[in-house]
Amino acid sequence: MAFVNPKKKEVQVKIVYYGPGRGGKTTNLEYIYKKFSARIKTEMVTIKTHGDRTLFFDFLPFDIGKVNGYDIKVQLYTVPGQVKYNATRRLVLRGVDGIVFVADSMMVRREKNILSIKNLQADLANYKKSIFKIPIVLQFNKVDLAEQGIPLTPVETLEKDLNSQLKTSAFKASALKGTNVVQTMKKIISMTISTIVKELK
Amino acid sequence: MSYTLGQEQLDRMEDILQQNLVDIGVRCVFLIDMAGNIIANKDNGKIKHDVYSLAALAAGNFGAVSAMAKIIGEGEFSLLFHKGKKENIHFNKINADFLLITIFSNEISLGFLRLKVGEAAEMIEKILSEITTP
Ligand SMILES: Nc1nc2c(ncn2[C@@H]2O[C@H](COP(=O)(O)OP(=O)(O)OP(=O)(O)O)[C@@H](O)[C@H]2O)c(=O)[nH]1
Ligand SMILES: [Mg+2]
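In order, the protein sequence lines correspond to chains A and B.
Numbering follows numbering that gives the first Met the number 0, with no gaps: position 113 of the first sequence is 112.
Numbering follows numbering that gives the first Met the number 0, with no gaps: position 98 of the second sequence is 97.
For reference, chain A alone in the conformation it holds in the complex:
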């Protein structure tokens, strides 16, 4: 839940990247960190295993400047996608304001995406939030793998599997190459901020 500080004229917003294990959540944040290194003055925080899998979360603070006179401090988080980290994953969602669901476009991961979005729904319900009410953007990641002849789930199928009820924006992306990573982030930030601004009125 965003905190509005009238004294510092500052709003802190929490955006969480959610999705199946190895889908590319951490890679999204790493790309953003590299791309905006001039603007991000602190280190990216990661809690991970030796094998580079997220164990608890990644954290990246991102100042986007002023909206209506308030400094907007966006806090980007990722969750651990692996099923066995259910308990820690849920902790990261506490107080979430906006979500990027990073789906893995690889054909072999189709079921994992569907399972993960169901999990998200349950995790949000745990905090009395609805997946249909919270700002959410989908990202179909790893589209670059098509060039290597790796079978990908067609976008229409991903839309049907994951977006038939949500009906939200979805981006085809490659977190590794940086395709649509910034666009995804901009979209979720603007959706989240406009929700907050509406509430403040």
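If you are wondering where the hints come from, they were derived from the structure by calculation, not from laboratory data.
Built from N, CA and C at the ideal position, the CB exists for glycine as well.
You may find that some hints are simply not true.
Computed cross-link-like contacts, DSSO-like style, restricted to lysine-lysine with a CA-CA straight-line distance of at most 30 angstroms [to be verified]:
1. A/LYS47 - B/LYS84
2. A/LYS83 - B/LYS69
3. A/LYS40 - B/LYS69
4. B/LYS92 - A/LYS7
5. B/LYS84 - A/LYS7
6. A/LYS83 - B/LYS125
7. A/LYS128 - B/LYS92
8. A/LYS47 - B/LYS69
9. A/LYS47 - A/LYS8
10. B/LYS69 - B/LYS92
Facing chain A, according to a computed beta carbon distance under 7 angstroms, are these residues of chain B, among others [unchecked claim]:
11. MET0
12. GLN8
13. ASP49
14. SER52
15. ALA55
16. GLY59
17. ASN60
18. ALA66
19. PHE80
20. SER128
Some but not every residue of chain A turned toward chain B, in silico, with C-beta under 8 angstroms [what the hints assert, rightly or not]:
21. LYS6
22. VAL44
23. LEU54
24. PHE56
25. VAL82
26. ASN85
Keeping the supplied structure of chain A fixed, place chain B with the ligands upon it in accordance with the hints.
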């Protein structure tokens, strides 16, 4: 969803952090919510920690420790404290939604710190209870 506190309440809370903790020699103290947002912070002006990262980690750490307490059948642990060679960090739960984190050196005894933190926590809780949390 979002929530806010009044300027006057924030002023009062910062005064409490200053008088109860910074003035007795604490390096840095911050009030956070369980989502990892910083509500108020004060320091002795000598060190600049990355408070936003600290807040995110502190909220995560506290959440993980609370979940462990539940699993082993403890409601919650009463003392949450990490001891270093020079610096120490102390966690105090204010209520279900807020935490007070204090960073202090070995020049202050843990007993005295806990006393002062406890007093500050009580006063802050009163202020927080004046407002209806969402
Ligand atoms: N080809 C390709 N590989 C990618 C892309 N995004 C991520 N990867 C790779 O996929 C693997 C997993 O990426 P991560 O970003 O660690 O995945 P994650 O979602 O954070 O995984 P967990 O932390 O386990 O939940 C890494 O080897 C990445 O390099 C992409 O767009 N294209
Ligand atoms: Mg990861």
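- Task: Of all the hints given earlier, name the ones this structure violates by number, lowest first.
- Result: Those not satisfied are hints 3, 5, 6, 9, 12, 17, 19, 20, 23, 25, 26.
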